[in-house]
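Asker: Next come the chains, spelled out residue by residue.
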Amino acid sequence: MTTARLLIPLLLLFAVFLLARGHDAPGGGFIAGLVVATAIALHALAFDIKSARALVRVHPRILVGTGLLISLVSALPGYVAGSPLMTGVWVELSIGSGGVKLGTPLLFDLGVFLVVTGMVMISILWLAEEEGA
Amino acid sequence: MPIAPLTVRYFGDRAPYLLGLVPAAIAVVLALAWQDVSAGETFGYSLAWIPGLDIAASWYLDGLTLTFALLVLGMGVLVLIYSRAYMAGEKDNGKFYAFLFLFMASMLGLALSDNIITMFIFWELTSISSYLLIGHKNTYESSRDSALQALIVTGAGGLALLAGLVALAIAAGTWEISEILQRVEVIYESPLAIPALILIAVGAFTKSAQAPFHFWLPNAMSAPTPVSAYLHSATMVKAGIFLLARLHPALNELWLWTPLLTTVGGVTMLGAAWQATREKDLKRILAYSTVSSLGTMVFLLGLGHDSAVKAAVTLMLAHAFYKGALFMIAGGLDRQTGTRDISRLGGLRRAMPFTAATAALAAVSMAGLPPFFGYLGKETFFAATLSAGSLVVLLSLAAVVVSVLHFVVVGLVIFRPFTGSSTYEAKAPTDGPFTLWGPPMLLALLGLGVGIASPWIGSQTVGPAVNAIAGATVKSKLELWPGFGMVLLLSSLTFGLGAIAYKLQPNFHRVHLGWRFGGDSVFNWIIRSFLRVAVRLTMLIQNGQLSRYISIVVLFGTVLIFSAMFTGAAFRWPGETIVIRFHEVVIAGSVLVASVMAALTNSRLRAVAALGASGFGISTLFVFYGAPDLGMTQILVETLTVILLVSVFRFLPTTGTETSNRVHWRDAMVALAGGAAISVIALSAVATKPVDSITEFFRANSKSEANGLNVVNTILVDFRALDTFGEIAVLAAAAIGVIALLRLKPSKKGPQ
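Residue numbers (my numbering), protein chains in the order written: chain A, 9 to 141; chain B, 1460 to 2211.
It is possible that some hints are incorrect.
Here are the simulated SDA-like cross-link-like pairs (lysine to any residue), alpha carbons at most 25 Å apart as the crow flies [as the list claims (entries may be wrong)]:
(1) A:K58 with B:G2196
(2) A:K58 with B:A2193
(3) A:K58 with B:E2097
(4) A:K58 with B:L2200
(5) B:K1554 with A:G73
(6) B:K1554 with A:L77
(7) A:K58 with B:V2197
(8) A:K58 with B:I2198
(9) B:K1962 with B:S1950
(10) B:K1554 with A:L15
(11) A:K58 with B:V2107
(12) A:K58 with B:A2199
(13) A:K58 with B:F2108
(14) A:K58 with B:V2101
(15) A:K58 with A:L15
(16) A:K58 with B:T2026
(17) A:K58 with B:T2100
(18) B:K1739 with B:T1889
(19) A:K58 with B:T2098
(20) A:K58 with B:L2104
(21) B:K1554 with B:L1640
(22) B:K1554 with B:I2198
(23) A:K58 with B:K1554
(24) B:K1962 with B:S1855
(25) A:K58 with B:V2096
These aren't lab readings, by the way, just hints derived from the structure by calculation.
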């Protein structure tokens, strides 16, 4: 349990890191989603399913829907700017010495992340819950 | 459309007024074009939609499409207002209005589309919204059955229609209806012309409830009455007629056109009119008489000469006015007295004076008395059959019989409920709120007004529509007083015979023609047979045993791979020596050991752990070969798989050895064969140098084009983002499936 307590925040942080850097280095929304789901599964094993479910405030199916919507919306800016649908649009922000790249593909990846997280959560938590009841 | 439920939430029962402004506004905009269109001009507007397939969202406005569009919108407004009273206090009104608007938009799209594919999509959308509206009272089994029946019949017709339209487009070499109509000669030379006509006709017949597909329409009467009045009388069922009229210039000189349409239309108009006089439920009577009128329109279009086309258009409009009004009245009677059975209604004239007056106005129009619009419809009908050439006697006789039967229907609808002694069950029925009898009253009065203003109507709406159908300018005058002649004689004959037939109607049920104008039983038999075959087939290939599914999948895959590898001679031994490094041996070895252990062990836990171990080994290999993303994903997936498997263990029986040795051996053979197939592929893949790998493209462009360094990720979210989007959409659908499946499981807390 102690391990889980320590690991879960780390895993979540790692997921965010993976998501953010995914475009330039190994990582990305899909993997980040799996990491989060793993963290939640770990929580469910170490503590109980109810509190694992409570880790994410909303129902996983809302994650799936929101993710899908975000990905869809991310396709639009490129279109509005006059390029074909889903063309990436990037904004470079420089903060101090380093720069942060923000762009629609990142938004798209965020959508993927949410869908994957939600989907895996649904499967694992529902299955595990049957067991608990 | 999605705004409708919100409007209902905030404005309650008054929502329809607000919603009605939308179609009213569109109608006004379209009506602005009226002057120009009736002067013979046409408007077109095109928007590229799927340019790759030559499919454009193109619109076209001429006399016919404008008339039809205005009919859809105008009826829409009245039906919305009527719904305010009829649907007051019902559940799910937001949903109801949303579907009604979905229908209205589809119908408008259908009327105005110029592209054949766009039109077809709208056509199907009307079928779907019709399904949703018929089944609106979804707690009744009969509603659901009728809705499904209507969907299956019109949907099957839709498939035929699609094939027919594509054939026609290929024959004509264009997807635009306005252009198809210009290329008549090309179409006639094509061998596809006749099949196209047959298939399109089947589509139109199912939609417009022609025999033998008519049975869904009377059953669709389980829809709320506004829907019956709107979809199943005034607009949607006329889509088939509209389509035939639209394509009339392109197809009417094919030899099959006239025999096909006149036969089907003729049988329908006679059979349905006969059946209408034998029904007791007010709405079913009206439904059959609608089928009969639709049959008449098909029949007239089949005759195809100018005066027949004029009659078809006149009848289409007149019918929308009086039948729409009659349906609304039937709904009002139902709501105020609690029954639609004419044998249990009588003497309502005093209790519901406005309703009775409206019914009288509409019914007189339907009976075809001057100076109503319906009179013009019947008059042009007679005129059309009289100029039919060699078959004039037969056709005119049919026209008279149909008109006489309609006369009887009118009697049933108007005299039975409203005159005679007062018999009704409700205590004190009243007219109800204005919105319940106002809209039908307006329709009926319009029917009168149009009749009186007929010369003007003739030149302003019927004329342009007829010109559009005939593809040429024809003289289409509508006159109330055509002078003495055959037409007038037939009209008077109809009234006389009609009055006699109405007196005889109570005895109609004794007459058996040895044939019921049904079709339900055939339909049900087909559906039942389908289900039986489906059940057998499913039992054969899907017996619920997971191991059997896996064996089948693996076996098929193996056979396919081997046949492709060896018949296509794609198999190759790796030519060059492969350098094997030490760590690779170690990893491969442990993967191998773990796999064998997973296969041999008797303990489930051990099997899962071993599978996980072999998966981790493979992930490590990915990492070594420069695919860290893949490796990472694989590791996570393996972890989650193990967790999933462990969490479902509780549900499995404790022993895992209920299978016999023979089965074990069989499964082992299947597994080995599958493994061999994969090995063959792997070896060949190593031996084959891919031609100019696409990898290079991605590597070179990932920075410049997609602004990223991680090639895998740029592919996922940029280069092939559409694919990824499709995948997550599938994932979301799978999530819905999982939720549904788990909900279905009887849980220990009781049904959810």
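Asker: Hints the structure violates: just list their numbers, smallest first.
Answerer: Of the numbered hints, 10, 16, 21, 23 do not hold.
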